[in-house]
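Given two chains presented individually in distinct reference frames, assemble the corresponding complex, making use of the accompanying hints.
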Amino acid sequence: MDGNTAAPAAAPAARTPWKAGDFSHVPYWIYRDQDIYAREQARIFAGPNWNYVALESEVPNPGDFKRSFVGDKPVIVTRGADGAINVLANRCAHRGVQLCQEHLGNAKEFVCPYHQWTYDLQGKLIGIPFRRGHKGNGGMPGDFDLGANGLPKLEVAVRHGVIFASFDRAVPSFEDFLGAKMLGYFDRVFDGRPLKVLGYSRQRIPSNWKLMMENIKDPYHASLLHVFLVTFGLFRMDQKSAVQMDDTGRHAVLVNRKGEQAANEATQEMRAFKADMKLADPTLLQPQREFPGDATVVMQTLWPNLIVQQQSNTLAMRQMVPRGPEAHDLLWTFFGYADDPPEMTERRLRQANLMGPAGFVSMDDSEVMMISQQGLDPYPDATAVIEMGGRDTVDADHTITEVALRAFYAHYRQVMEI
Amino acid sequence: MDGTTPARPIAPELRAEIGDLYAEYADTLDCGEYERWPELFTERCFYAVIPRENHERGLPLATVRCESRAMLKDRVHAIRETQMYVPRWFRHVIAAPRLLAHVDGVVTTRTNYAVFETQPDQLTRVLNVGRYEDEIVRDEGRLRFRRKICVFDSILVPTSIVLPI
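Chain order of the listed sequences is A and B.
Take the first sequence: its position 66, counting from 1, is numbered 65 in numbering that gives the first Met the number 0, and each next residue is one higher.
Take the second sequence: its position 54, counting from 1, is numbered 53 in numbering that gives the first Met the number 0, and each next residue is one higher.
Next up, chain B with everything else stripped away, as it sits in the complex (with noise of 0.2 Å):
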C-alpha cells in the first residue's frame, strides 16, 4: 500500500471534503459529542485500537474493536453510563491525510495523529500517537468512515485509553 498511485485523480473538493470529515471527527471527540461520534461511520464499519508492535507482527488483538456501527455505540453507552473512570478532556491534533487511493468510490487514507489528555492534578500528557488506516465512503450523501485503524506507536499505555481514540 505504500507510494499508492491514485487510480483516479481525487478532485480538490474531495480533498477538502476528506479534511472536513478529519476535523469533524477531532472536534466531535473533544467537545464531548460523543453521541455523534458513530454517526461518522457507516452501519457496517470496522474500527479498532491497535498497538503497532500486533499491527507489524500479524497478531489481530486490539485493544478496542468495534465490528459495526453498534458496537461503537455500546462504546458510547459505556463512556456515559458504564465505565468508572476518573473524568478528563481528551485533545486531538489529526496531521493532513495521505490519500493513498480513490478506487470504486473508497477513498483510502494514511493520517498521523496525537492525543493529548489532561487529567486533574495532572500536567497535560501525550497518551496515544499513531496513524489512522481509513477507508472513506459516500454513505447517505456524506462521507463516512467504512473501516478506521487507529494504530498507535505509544504501546505502553500511560493508565488507560477512556474515551475514542
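Next comes chain A alone, as it looks inside the complex (with noise of 0.2 Å):
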C-alpha cells in the first residue's frame, strides 16, 4: 500500500540463500535482519490481512476507545455516536504527534495536545485553531479541505464481539480470509455470546514475533517442555490430537483432549511427566467443560498477529506487536463471558496461573523465545531444521509433527516473496 511492496524479492546479497521450495527449514537472518523486519511491516501486517485489535466489550459505549496496534503501528478503536466501531491511526494528521496515551478510555473527540487539532470519533477532522489566522494575518490556505486530512481508517471487521482491522483496502471478507475450517473454530469460542474482560498482561519478549507464533504452531514441544502440561494431561502427545490448517496455511489449530497422570510407553519418553507430583492445592486445576465436542484445549494461530487461547477454563486474546526484528510485546486479554457463573469467573482466574509471564506453562515459552534469539541471533546463515512429522504441509491427527510451522512458512515466503 506504501510502495514498499514493490522492492524485488531476494535475501539479502550476503546471506546464505533460502532453497526455493523448502519449508523444513528456515535460515535464521529471517529472526534479525531489519530488511526482513520492514518488508513484513509493510507486506503481512499492513498488507490484505485481518489483524486483530480489541474485543467489543472493551469498548460497548458510545465514545468508548481503546488503544491498539497494528503490526507496530499504533491505532485507535473507538465506537462512534452511531454505535459503529471505527479503527484509525493513532497519528495527528498535522505532525505525526500520537494523540491517545490512555489504553482505555470514553472521548467526545480526539484533540492533540501539540496544536490542537481535533478528531471525531470517525477520525474526521473538525476542527483547527487559528484556521482563519488573526486579524488577517496567518491560518491555512483557503483551500485547506478538512475532509482530506482526517486520521488514517483502516478496515474493520466485526465478528461475535471481535474486531480485526486491515491498512489495506483490498482485504477480503474476515470469513473469506479465514476459511470454513477455521472459521469453525474461532466461533466455537466466539459463538456470538457476550464476552467480559477478565483482565490484561503485557510482555516484552526479547525474540522475534515469528518465534511466538511458531510456538502455539508447534505442538511437538508442549509434550517436552512444559511438566505442567504434561504431568496433568493438559496437552500431551499420546491423547487424542490434531494439528489442521487452513488451505494457504497461514493459520492453525492444535487440538487436545485432557488425559490422566497415569504413566504409559509414551510418557517413559517424556522427562516432563512427574507420575508422583500431586499440587499441594489441587483447586489450581478442576476445569469444567464448557465447550461442545471432546477437545479440552484449542490454540489457534490466527495470522498475523494473534493467538486464540483456549486451554481447559482459560481463555485470552494474546495478540503479538512486533517491537523491531528482535523482541516483540505479547498483549494478552483474559475474558469470559457475560453470563458466567462467579464460580466460573473463579475458576478461569485460578487456571491463569498457568498463563501470562508468570504461568506455570507460559514462562516456560517466554524463558525459551529469549535463548533461542540469543542463540540464533549471532548465526544469521545457520538454518533450523523443521521436518518433525515430515516435510509436507498437511493436516495431522496427532502432535509429533512440526506440520504447521511449515505451513506458515510456506505461506510467509509467498507473501514475503523470499
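It is worth saying that the hints were derived from the structure and are not from the lab.
Accuracy of the hints is not assured; some may be wrong.
Unchecked claim - Restricting the straight-line Cα-Cα distance to at most 27 Å, the calculated cross-link-like pairs of lysine-lysine (DSS-like) are:
(1) B:Lys72 - A:Lys195
(2) B:Lys72 - A:Lys273
(3) A:Lys134 - A:Lys152
What the hints assert, rightly or not - Footprint (simulated), chain A over chain B, 3 or more residues, beta carbon under 8 Å:
(4) 47-59
(5) 68-74
(6) 100-113
(7) 158-164
Ideal Cβ placement from N, Cα and C applies to all residues, glycine included.
Right under this line is the structure:
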C-alpha cells in the first residue's frame, strides 16, 4: 500500500540463500535482519490481512476507545456516536503526534495536545485553531480541505464481539480470510455470547515475533518442555489430538483432549512427566467442560498477529506487537462470558496461573523464546530444522509434528517473495 | 483506605516487629530460601501479583494468584522442580511500610517495593516496581501475612516473572 511492497524479491546478498520450495529449513537471518522486518511490516501487517485489535466489550458505549496496534503501528479503536466501530491511525494528521496515550477510555473527540487539531470519533478532522488566522494574519490556505486531513481509517471487521482491522482496502471478507475450517474453530469460543474482560497482562519478549507464532503452532514441544501440561494431561502427545490449517497454511489450530496422570509407553520418553507430582492445592486445576465436542484445549493461531487461547477454562487473546526484529510485545486479554456464574469466573482466574509472564506453562515459553533469539541471533546464516512429522504441509491427527510451522513458512515465503 | 487513622495506636514494639517481617521477607527470597517463603503467610491467605491497570479498573485478573499457603507451596515446587527458566538473581528493596490501620488484630499496610533482576550476560535491570497492599496478623506466635497484593506499575513485564515478588 505504501510502495514498500514493490521491492524486488531476494534474500540479502550476503546471506545464505533459502532454497526454493524448502519449508522444512528456515534460515536464521529472517529472525534478525532489519530489511526483513520492514518488509514484514509492509507486506504482512499492513497487507491484505485482518489484524486483531480489540474485543467489542472493551468499547461497549459510544465514545469508548482503546489503544491498540496493527503490526508496530499504533491505532485507536473507537465506538462512534452511531454505535459503529472505527479503527484509526493513532497519529495526528498535522505533525504525526500520537494523539491517544490512554489504554482505555471514553472521549467525545480526540484533541492533539500539540496544536489542538481536533478529530471526531470517526477520525474526521473537525477543528483547527486559527484556521482563519487572527486579524488577517496567518491561517491555513483557503483551499485547505478538512475532509482530506482526517486520521487515516482502517478497514474494520467485527465477528461475534471480536474486532479486526486492516490498512489494506483490498482485504477479503473476514470469513473468506479465515476459511470455513478455521472459522468453525473461531466460532467455537466466539459463539455470539457477550464477552467479559477479566484483565490484561503485557510482556515484552526479547525474540522475533515469528518465534511466538511458531511456539503455538508447535505441539511437539508441549509434550517435552511443559511439565504442567504433560504431568496433568492438559496437552500431551499420547492423547487424541490434531493439527489443522486453512488452505493457505497461515492459520492453524492445535487440538488436544485432557488425559490422566498415568504413566504409559509414551510418557517414558517425556522427562517432563512426573508420575508422583501432586499439587498441594488441587483447586488450581479443576476444569469444567464448557464447549461442545471432546476437545479440552484448542490453541488457534490467526495470521498475522493473534493467538486465541482456550486451555481448560482459561480464555485469552494474545496479540503480538512486533518491536523491531529482535523483540515483540505479547498483549494478553483474559476474558470469560458475560453470563458466567461467579464460580466459573473464579475458575478462569485460578487457571490463569498457567498463563502469562509468570504462568506455570507460558513462563517456559517466554524463557525459551529469549534464549532462542540469543542462540540464533549471532548465526544468521545457519538454519533451523523443521522436519518432525515429515516435510509436507498437510493436516495431522497427532501432535508429533511441526507441520503447522512448515505451512506457515510456505505462506510466509509466498507473501514475502523470499 | 487513603489516610486512614489507625483505630488503635501502633506500639513501637509492633512497628519494629512489622519492619522485621518485611526485612525477613526480602532476605528469605533474595537468599533463595523459597521453602521458607510460604511460612511468612497464614495457612488461609491470599497472595496476588496484579498489574496496576487491572487493579485500578477493578479487573480481577492477576499475573500470579494464590488462594492458600498450599498454592504458595505449589509455586515453590514449580520454581524448584518444574519450570524452565534462565537462572537469575532477584533483589527486593522494600521501603518502610506505611501502617494504615490496626483493627481487630489486623494491621493494614501499604509499602513500596522494587525488584531488580540479574541474568547471565545481562546488565541488572528493574524487573518490577509497585506497592504491597498487605494485611498482617499474629499467628502461631509470630507475625504473618494473611493477605498480600503486589500491585505493580511496571505493567509491561520484561520477559517473565520467574520468582516471587
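For this session: If any of the earlier hints don't hold here, list their numbers in rising order.
Result: Violated hints (numbers, rising): 1, 3 and 6; every other hint is consistent with the structure.
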